[in-house]
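Asks: With the hints as constraints, model all of the structure from the sequences given.
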Amino acid sequence: MLGSTKGSYPTFHAKPDYSEQDPEQIFITMLYLLKIFLNEKIHPKKHDVQCICFSSAMHSVLPIDKNGVPIGNAMVWSDNRAKKEADELKESPLGKELYYRTGTPIHAMSPLNKIVWLRNNDPGRFSAADKFLSIKTYILEQLTGEYVIDHSVASATGMMNIHTLTWDDDAVKYAGISKDKLADLATVFHIAGKLKPEYQASLRLHDRVKLIIGSSDGCMATLGAGVWGDGKATVTLEESGAIRVVGKEILQDEKQRLFNYLLAEGNYVSGGPTNNVGSAFEWYAKQFGDFNKVYELDDCIRNLINDAAKVPVGSCGLIFLPYLQGERAPMWNANARGVYFGLNIKHELQHLVRATIEGILYAFYSISKVLEEHRIIACLSANGTYASFPVWMQMMADIFDKPVNIKKNSGPDSVACGSYLVGATEMGLYKDLEHAAQKVKLQESYHPQEQNHKIYMKHYAVFESLSLKLHNEFKAIADLQHDY
Amino acid sequence: MNQYCLKKDCKELHAFPHIVEFAYKKVNAIQFDSLKKEVSAFLRFYYVIEGRFDWVIDDQVYILYPGDLAMILPGQSFGGEKDLLGIGTINWLHLKLKQFDRNGKMLMGKWSRLSDREANTLGRILSFNNTPVLSRLKEAGTIFQNMQNEFMNQEIGQTVRVNQLIDELLILSARHLTRQNNSRRDFPQIFMKLEQALRENLSHQWTLEEMAALVGLGNTAFSEKVKSYTGFSPLNYLINIRITEAIKLLKKPNVHVTDIALDVGFYSSQHFATTFKKLTGYTPSEFRKKHIPSSDENL
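Those sequence lines, one after another, are chains A and B.
23 is the number of the first residue of the first sequence in our numbering; add one for each residue after it.
25 is the number of the first residue of the second sequence in our numbering; add one for each residue after it.
These are calculated hints, taken from the structure and not from any lab test.
Remember, it's a predicted structure, so these values are computed and weren't measured experimentally.
Mixed in with the good hints, there may be bad ones.
[What the hints assert, rightly or not] Simulated crosslink set (BS3-like; lysine-lysine; CA at most 25 angstroms straight-line):
no.	chain 1	residue 1	chain 2	residue 2
1	A	K201	A	K118
2	B	K129	B	K106
3	B	K106	B	K61
4	A	K497	A	K424
5	A	K203	B	K106
6	A	K88	B	K313
7	B	K314	A	K153
8	A	K332	A	K118
9	B	K122	B	K31
10	B	K134	A	K308
11	B	K32	B	K61
12	A	K28	B	K122
13	A	K218	B	K61
14	A	K57	B	K122
15	B	K275	B	K302
16	B	K275	A	K88
17	A	K37	B	K272
18	A	K37	B	K217
19	B	K313	B	K302
20	B	K313	A	K308
21	B	K31	A	K232
22	A	K218	B	K217
23	B	K122	B	K61
24	A	K67	A	K203
25	B	K301	A	K57
26	A	K391	A	K480
27	A	K270	A	K118
28	A	K216	B	K314
29	A	K315	B	K249
30	A	K232	B	K314
31	B	K272	B	K217
32	A	K118	A	K195
33	B	K35	B	K162
Replies: Next up, the structure:
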């Protein structure tokens with residue numbers, strides 16, 4: 023690996039449940055970073071850039087007008103405004119049909135429901151829209167002039183049929199649009215047109231450079247984590263998280279709790295997302311962390327994790343439900359909220375820290391239990407920010423009762439790694455993705471400790487029971503909180 | 025002494041046309057209508073020496089304790105809850121500024137040693153961190169006490185000293201405000217607020233110092249934090265936003281390219297064109313032509 027660079031752009035929350043990003047800002051940030059990176063690390067060494075492979079987050083919706091100009095900001099994955107639309111669809115027989123055909127759970131995150139929301143609540147923008155794009159499609163169109171979307175991102179829109187690999191007539195009709203308002207479907211290996219000459223000049227690239235459309239961040243992370251074939255699952259621990267498996271079959275879950283997104287070559291990435299991983303732990307750190315000795319949040323987090331390690335397994339009978347931002351899999355309940363349960367007079371802050379981590383991991387475990395109704399999971403591959411903490415990894419191994427592997431040195435993150443593997447496969451360096459995945463070397467291993475697992479399972483039983491039991495209370499409290 | 029009050033046009037304030045009112049007051053009993061709600065064009069400071077006060081600033085209720093300083097901006101309303109001043113001991117100062125608008129453009133007047141740029145930045149800090157009550161600011165009490173001594177003792181150098189103290193009060197308030205509001209724990213949140221302020225005032229020639237001052241960090245610490253969070257230095261991030269807004273305006277066919285340059289904060293259309301071309305490979309006009317086929321060539 024020659025180098026990496028990162029940058030960021032903001033997410034706007036103009037109203038509660040709104041999460042938007044500025045598509046032009048995303049484009050300029052990407053262009054600027056790419057330019058800086060090429061000028062600092064690549065061009066000075068006279069490397070020949072052969073291809074650029076793209077990856078992006080899922081579930082975004084950006085309406086554009088007939089000139090291709092964005093109408094307003096893009097709604098991103100965490101946007102929750104289409105709750106009502108999602109509930110309506112989920113309760114209908116069409117909802118279940120669409121879930122099986124498209125592989126996307128019926129939830130506010132789904133672009134299908136977002137477009138319905140636009141139709142119901144922003145008719146001006148809806149009717150002015152010539153197309154409804156994903157952010158990646160817009161970026162690629164700016165670079166090349168082609169409107170194209172890959173199967174992975176498309177299979178997370180709730181509108182693509184993952185069996186036929188075409189836009190689903192019923193879904194499109196339900197959204198109130200026609201197929202020509204969506205981008206053209208393509209495989210993840212598709213070359214998205216030629217880079218416009220002006221960008222070639224600015225980035226100092228030749229006109230043979232291939233822009234490979236690539237996949238979604240979830241699928242890329244799974245590939246880049248070396249997860250392939252039976253028995254393996256990947257656990258991503260960032261602000262939010264997910265647990266995923268790869269297989270040639272679509273997981274048909276009766277209760278519609280899991281997603282099935284197409285990666286490529288008949289391989290599907292299936293699993294469940296969870297909302298509250300890093301975001302929950304950082305909430306805890308900001309509220310209860312000791313900032314007398316440290317200035318930076320990261321240092322505080324490190325100290326808290328060290329404190330948690332000294333507390334007995336099970337946090338002396340303290341359970342944390344981590345649903346600070348509602349929860350997606352397996353409950354798919356936007357009303358779910360956080361709970362510290364079982365507080366007694368002897369509990370101290372250190373017990374709360376450990377309980378917080380345990381609760382976050384129990385949430386992952388609850389998704390894996392659903393996955394295991396369909397697949398065998400023998401070991402886990404962890405990636406993301408929190409995979410770098412041994413305390414978390416050992417706890418995960420103990421809770422799941424399975425070995426946990428991570429990459430030895432934090433090299434490029436799994437998404438970047440996955441993007442490389444897709445690009446390299448397209449260029450012929452690997453025969454197919456299966457061979458590419460085998461190149462991922464996982465090293466450090468955490469092994470489950472049986473006696474800890476037993477203790478965790480006793481506590482998990484309470485966690486699981488509470489999560490289900492509080493359904494009505496979650497709704498009541500969420501309604502009360504609506505006014506704040 | 026129960027009360028000491030200087031009002032505009034009294035002989036002690038002869039050398040201070042910018043001081044509209046300066047007072048010290050000890051209240052022992054409730055007096056009805058002692059503090060009726062009022063909007064004024066002046067910058068008003070109220071410091072609590074003793075007692076507890078329930079005041080309404082800009083239609084929100086605040087409770088102030090000894091050591092707290094209330095700072096009411098020109099145009100904001102201020103009054104006691106139920107129109108009562110309250111019981112205790114307070115100081116206050118009403119200051120007439122040469123200029124103040126809610127976007128933060130603020131000019132003090134000749135009496136102040138702050139440069140126009142500093143005054144402007146200060147104004148932005150006051151608007152950016154819109155909290156009227158600064159808690160536990162004992163130094164403000166000392167400043168008021170010193171000012172009162174100056175007025176009473178009339179010693180040599182009095183004019184310079186009083187104006188110095190007013191500058192000090194302004195600087196102290198601005199620094200305390202940024203520290204109080206911008207908890208170090210949440211740089212992402214602070215940065216979001218800054219981004220918003222930048223976008224709302226994009227035509228302004230922001231400097232590193234101004235941006236850092238808004239969030240209450242030193243230049244180096246600010247640059248490091250921004251670079252680590254966004255991947256860009258503060259000034260490059262600003263260019264990033266300027267170009268982003270420029271793109272949006274270029275895609276609107278009826279805005280002149282020259283206007284775009286100045287609106288998004290480039291100091292000339294030449295500077296805009298050069299920076300735009302360097303990043304995107306297009307000149308602004310070429311970009312517009314390629315993206316909006318129907319646009320008027322003359323724009």
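Asks: Look at each hint and say if it fits the structure.
Replies: Outcome of the hint check:
no., hint, in the structure
1, K201(A) x K118(A), "holds, 21 angstroms"
2, K129(B) x K106(B), "violated, 33 angstroms"
3, K106(B) x K61(B), "holds, 9 angstroms"
4, K497(A) x K424(A), "violated, 35 angstroms"
5, K203(A) x K106(B), "violated, 60 angstroms"
6, K88(A) x K313(B), "holds, 15 angstroms"
7, K314(B) x K153(A), "holds, 19 angstroms"
8, K332(A) x K118(A), "violated, 47 angstroms"
9, K122(B) x K31(B), "holds, 19 angstroms"
10, K134(B) x K308(A), "violated, 44 angstroms"
11, K32(B) x K61(B), "holds, 21 angstroms"
12, K28(A) x K122(B), "violated, 45 angstroms"
13, K218(A) x K61(B), "violated, 62 angstroms"
14, K57(A) x K122(B), "violated, 46 angstroms"
15, K275(B) x K302(B), "holds, 19 angstroms"
16, K275(B) x K88(A), "holds, 12 angstroms"
17, K37(A) x K272(B), "holds, 23 angstroms"
18, K37(A) x K217(B), "holds, 15 angstroms"
19, K313(B) x K302(B), "holds, 18 angstroms"
20, K313(B) x K308(A), "violated, 49 angstroms"
21, K31(B) x K232(A), "violated, 76 angstroms"
22, K218(A) x K217(B), "violated, 35 angstroms"
23, K122(B) x K61(B), "holds, 24 angstroms"
24, K67(A) x K203(A), "violated, 43 angstroms"
25, K301(B) x K57(A), "holds, 13 angstroms"
26, K391(A) x K480(A), "holds, 15 angstroms"
27, K270(A) x K118(A), "holds, 22 angstroms"
28, K216(A) x K314(B), "holds, 16 angstroms"
29, K315(A) x K249(B), "holds, 19 angstroms"
30, K232(A) x K314(B), "holds, 22 angstroms"
31, K272(B) x K217(B), "holds, 21 angstroms"
32, K118(A) x K195(A), "holds, 16 angstroms"
33, K35(B) x K162(B), "violated, 29 angstroms"
Hints 2, 4, 5, 8, 10, 12, 13, 14, 20, 21, 22, 24 and 33 from the earlier list are contradicted by this structure; the remaining hints agree with it.
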